[in-house]
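A.B. asks: Spelled out, the chains give:
2 protein chains.
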Amino acid sequence: MILTSKGFDSEKTVEYGNKFLTGNGRIGYRGTLDEMTREHCVGVNIAGLYDGVAGKWRETVNAFNPFYLRLYVNGKQLTAWCDSVIDHTQSLDIGCGVFERKTVFDVGGGKLELVSKRFCSMANRKVLASRLTLRCETNINAELVAGIDTDIWELNGPHFANVSKESKDNVLFAHGITQENGTAVDVVCEFSRLPDKVADDFAHFAVHLEAGQVYVLDRIAQVLIGGEQSLFDLNFDNEYTKNVDKWRELWHKSDVELAGEGIEQAQFALRYSIYQLLILAPERDCSIAARGLSGQTYKGAVFWDTEMFLLPFYIKTDPNVAKRLVEYRIRTLNGALAKAQSYGYKGAFYAWESQDGIDACSDFNVTDVFTHRPVRTYFKDKQIHISADIALAIIRYFEQTGDEQLLLCGGLETLLQIGLFYYGYSYFNHIKKRYELLDVLGPDEYHERVNNNAYTNYMAYHCVKRTTELCDILSGKYPDEINAVLDSFGPNFCDTLRNWADKLYLPKCNENGVMEQFDGYFKLEDATVEDVRGRLVNPREYWGGTTGVATATRVIKQADVVMLAVTLPQYFSTEQIEANYKFYMPYTEHGSSLSFCAYALAACKSGHSEDAWKWFLQSAEIDLAGGGKQWAGDVYIGGTHPAASGGAWMVATQGFTQCRPTFLHKVKVHGYDN
Amino acid sequence: MILTSKGFDSEKTVEYGNKFLTGNGRIGYRGTLDEMTREHCVGVNIAGLYDGVAGKWRETVNAFNPFYLRLYVNGKQLTAWCDSVIDHTQSLDIGCGVFERKTVFDVGGGKLELVSKRFCSMANRKVLASRLTLRCETNINAELVAGIDTDIWELNGPHFANVSKESKDNVLFAHGITQENGTAVDVVCEFSRLPDKVADDFAHFAVHLEAGQVYVLDRIAQVLIGGEQSLFDLNFDNEYTKNVDKWRELWHKSDVELAGEGIEQAQFALRYSIYQLLILAPERDCSIAARGLSGQTYKGAVFWDTEMFLLPFYIKTDPNVAKRLVEYRIRTLNGALAKAQSYGYKGAFYAWESQDGIDACSDFNVTDVFTHRPVRTYFKDKQIHISADIALAIIRYFEQTGDEQLLLCGGLETLLQIGLFYYGYSYFNHIKKRYELLDVLGPDEYHERVNNNAYTNYMAYHCVKRTTELCDILSGKYPDEINAVLDSFGPNFCDTLRNWADKLYLPKCNENGVMEQFDGYFKLEDATVEDVRGRLVNPREYWGGTTGVATATRVIKQADVVMLAVTLPQYFSTEQIEANYKFYMPYTEHGSSLSFCAYALAACKSGHSEDAWKWFLQSAEIDLAGGGKQWAGDVYIGGTHPAASGGAWMVATQGFTQCRPTFLHKVKVHGYDN
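Protein chains in written order, with the numbering used here: chain G, 1 to 674; chain P, 675 to 1348.
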């Protein structure tokens, strides 16, 4: 289970930073090389630690890089891109999360081999470990300069004020304090050798290497947040073993084994997806960012991706992690209440881009390519399905784990506050005699401010209805606790919600089995994705908004009704799932990496397993292929795509277990209850 | 009362075509010169006759031009722009609607004077009359070539199929049939002299002019629509006298006399405005287009301008005309019912751009200047205040004339259908316990799809409430008739409407006396008109839509809350009118000619009479000054501004009668009941 890349291509530095990412749920270390710096987008991303600098977007913090290193031979620095390079390989062992690079240099008279491996320990989450090995065909004098690089890559920094560095014997320290909240971040790096000297906070090692001899330098780093204590008596070999053991455990309960003909590449892509999910599982009270731990893209904020595309994996493989993710939303209920209040609504309106419950989403998320002016977008204030997505996560978690305590400790209150939000957001029409959810964005963000988006209405209906049922069930067992929760909502609140749900408008599939994405969608211009792409004047134009090419057409950014059909299939017949799958396909741009897996699942559910396989591969291989957009105008939006990884897992475990292509003989799904 | 312009400036041809417009409510003849053609935007616009050519906008039809004429001396054509011109003057007598041009040519050895006057007869509306006079200081041989120019200026033509021309003795005929409905339009032109020859359908007159002698050629034209009979035994002098007499009558009941110091120019501008209103008063069953009879701009369609800005003048001066305008809306109720139905609403949703009740408004009213793609706009589907504007017109007409028959013959049914529309369009929020009007455009079109626009909500409230009161009043006098009308709406419909109005959300003025234009307006960026103008990348950019410079700011196109405050002042204290006037002023672009008069009235109502005077002049002088936009991108949007004329009259008669600047001593308002 090793991903390997031969040769060095400077064009791929950013892409490989994502592709060869290592992590342990607390820290993500990008797949860059020892000698790289901020210019190469080296990143040691910290999960759930946010900082905001005045006038810029708030985002997760990158720690100082403990593994920066320069190699000199005869006074000349050797890098992967210098002209002495004979051979370069880098690899990632997804079985144990170990990154390795091997570079061979011509040092005149012989070859010098540099091997550097590193990992973020799954056993001790504070710990990052690195082993550097040098071997040469000839005698050489070399110098290694290693240290903690505090001149780090940041999108909206600098996040650290008053950076200070120290050294003592074979240990270097770097200390910083985040600007907004004053959180201390300490990076410690201990060398396996005593430096010959320390200058400018960097350790210098003189290396006298005899032909054939091996020189090893180990580094054990720790990233300490908010004054955490550091660990002692660590060494590379011990940490390596513990890490490998921990990974073996993880794979045992997380693997999905495929058997069949010609599916090796797909098997690897699926396991690579699972690897991505494993390195993101948080070890403390936070959730998972949309670009995982690959950087600060999208402000390190938590989107619906977590609940809709990642949670199923964790419920199956590690319910404690799943609980942590769900608890994150329960814990940030106040943020959702405050957001609702700020718009004049009641109840819980969750952040579209959550940073500890605060909505990091801007009202101006797009820059117009023609005028370079910010464009008013509605992701934050109108994409109300986010609250239902979170409700569904709580409900699913409970249904699959039976964890009543979570409902009693805030879960049910959260569900009721979400119900209150939809009740208050909705309007009743006295002519049509129904509640409607007006002025929303569905998953397809190209059509702004639509009425009665099918996905939104059904999700709200399902979750509110289920909430009232859970109230009834739990009231019998825990009458006092449940009444205490219900009391704060006023009398008969459950009945109010039930009545509301029964009168909420739920669009029905038409005579062709197709459900209209929102009121009036069918009346939009019947143009395909290729049609509207041909109308672009500038390739970077935003497709939505009033002037976008998709706006007045049926072209959608991503699965919307199809997403609904695979999320809540109980409201669709098999024929209707197929009808929607076929109808919406030519209109779907898949401009979001969240889209492929929905199509894959819909294909499975409607018997098109070979098509499903293609969609599945698009989801599973997205980070391997280096797909996805890296830049939106001048803004870096690159990184890994955890939702696509989670989606691939969902397709394999929920789709191909039901409906397999002929060449796929068996799917064995591991889980925590193996 | 004569408007005069000396010299000829080819740059001003289009502007003068508007400024020197003549008309009689049936025909508008642009202020162009005899020798001008389609290139100079000669136009003989017919009121209320529409035609649509496949793939183009439907619009009013321009008739063939009966008064085309070329003058040759020594084989050379003399025009106002040829190099023989010594002097050129053109004038418009607004006292009797007579246009005159006088051009003096140097014909070698002496001056040749050409005088041409013409008018559209107010006495015989089919008739247009022209008198041409030539006088020379020396003997000359000249030739006049005169005829009906069928090669006419059209924005979205050609509207006539199978154009044919004929001649008989001293009469020329041109005949055309509109493409869409096959309506015949016949133009007849009778000369006072027998032509020397007729060639290519043009009459040729050889003119042997002795020095000092006068040569006169009269032309009496008729524009006959749909096979109307032509009149006989007409001559210029008789028609001229009858026209002048008729105009004297009109002025007697329509004049507004100002007395004061230094107000002569303003007095003229006000009378010029009244002149514009007089030439638009329809003589048959149609209403008034937004650009009057000055051309085909805005498709010759009827906007809210008529009800809100023009109707008050006609109610005061000529109730029969007012009734015709109101009846137009009653007669086109079916169109409003059909429009509502097409969107899934009940009741009467009137056309934003009415052509016989059909909505001529496009869903794509703007072209993006950067991509040249059409932009989805919401004037047609969201500017729902149009129905209330029309309801208010019916109510005002009744209140000021006491004409119960109009209410019994469709007026009340129209009001009830409008009430039903708002009832069905609105939504009830169970948390806020109120009806709201969501997703609308107010008069300020730069902010699309807003909730609870104050103007819209109050107008709907007022009209629906007043409708129920009228029902009650009339029920006592005409129980059978009223019950018959009410029956079709189901039981207790009046109570339903009353209850609805009582629960409709009406925003209140805040502690500073300011009413929020729509939900969330106060949260928009506090930028002024000049601020946002400075952000334009292209001067022709549309300010609204998602990418427009005004969208995310408080900058508005035109008076909105201020329009409400002067339309329904009973809902505001004087202090509140002043507060809104002052608050919204820096944010108002006055991008519509409808805006100045609202500010003038608000200034009067809050005691700022000198400011009101300035706003008044901007409204009254708009067509004199040649203000207003002529082009929107490549689309001609020029023409006269009747609403500004009507607004100027409203300011003089409703504003300055209450609150005068010190230099204005007296305002005497004429009316039909003088």
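Please keep in mind that the hints were generated in silico from the structure rather than gathered at the bench.
These numbers were taken from a predicted model, which means no experiment stands behind them.
Even glycine gets a Cβ: it sits at the ideal position worked out from N, Cα and C.
It cannot be assumed that every hint is accurate.
[What the hints assert, rightly or not] Negatives, chain P to chain G, calculated, CB over 10 Å:
hint, residue
1, ASP911
2, PHE1044
3, ARG1047
4, ARG1050
5, GLU1110
6, ASP1113
7, GLU1122
8, LYS1151
9, VAL1309
[Claimed, not checked] So the derived list for chain P, only partly shown, Cβ under 8 Å to chain G, looks like this:
hint, residue
10, ILE760
11, PRO956
12, ASN1039
13, THR1045
14, VAL1049
15, HIS1104
16, LYS1107
17, ASN1157
18, LEU1160
19, ASP1161
20, PHE1163
21, GLY1164
[Said to hold, decoys possible] No more than 35 Å apart at the CA atoms, straight line, and that leaves these computed lysine-lysine pairs for DSBU-like:
hint, chain 1, residue 1, chain 2, residue 2
22, P, LYS1197, G, LYS629
23, G, LYS346, P, LYS916
24, G, LYS433, P, LYS1303
25, P, LYS1342, G, LYS503
26, G, LYS433, P, LYS1340
27, G, LYS432, P, LYS1288
A.B. asks: Indicate, hint by hint, whether the structure satisfies it.
C.D. replies: Each hint tested on the structure:
1. ASP911: With a cut-off of 10 Å, ASP911 (chain P) remains clear of chain G, as the shortest Cβ separation is near 59 Å.
2. PHE1044: violated, 4 Å
3. ARG1047: Non-interface label on ARG1047 (chain P) violated, nearest chain G Cβ at 7 Å vs cutoff 10 Å.
4. ARG1050: Violated: least Cβ distance 5 Å, not greater than 10 Å.
5. GLU1110: GLU1110 (chain P) not clear of chain G: closest Cβ-Cβ about 7 Å, inside 10 Å.
6. ASP1113: Non-interface label fails for ASP1113 (chain P): nearest chain G Cβ at 6 Å, not farther than 10 Å.
7. GLU1122: The claim is violated: GLU1122 (chain P) sits with its nearest Cβ about 8 Å from chain G, within 10 Å.
8. LYS1151: holds, 31 Å
9. VAL1309: holds, 17 Å
10. ILE760: violated, 51 Å
11. PRO956: It is violated, given that the least Cβ distance between PRO956 (chain P) and chain G is near 35 Å, above 8 Å.
12. ASN1039: Since the shortest Cβ distance to chain G is 12 Å, the answer is violated.
13. THR1045: holds, 4 Å
14. VAL1049: At about 5 Å, which falls below the 8 Å cut-off, the nearest Cβ of chain G leaves the hint on VAL1049 (chain P) intact, so it holds.
15. HIS1104: holds, 6 Å
16. LYS1107: violated, 11 Å
17. ASN1157: violated, 23 Å
18. LEU1160: violated, 18 Å
19. ASP1161: violated, 19 Å
20. PHE1163: violated, 12 Å
21. GLY1164: Violated - the Cβ of GLY1164 (chain P) stays beyond 8 Å from chain G, reaching only about 11 Å at its closest.
22. P:LYS1197 <-> G:LYS629: The given pair, whose Cα atoms are some 34 Å apart, holds under the 35 Å limit.
23. G:LYS346 <-> P:LYS916: violated, 71 Å
24. G:LYS433 <-> P:LYS1303: violated, 46 Å
25. P:LYS1342 <-> G:LYS503: With Cα atoms ~61 Å apart, LYS1342 (chain P) and LYS503 (chain G) exceed 35 Å; violated.
26. G:LYS433 <-> P:LYS1340: Judged against 35 Å, a Cα distance of about 58 Å means the pair is violated.
27. G:LYS432 <-> P:LYS1288: violated, 50 Å
Going down the numbered hints, you'll see the structure goes against 2, 3, 4, 5, 6, 7, 10, 11, 12, 16, 17, 18, 19, 20, 21, 23, 24, 25, 26, 27, while the others check out.
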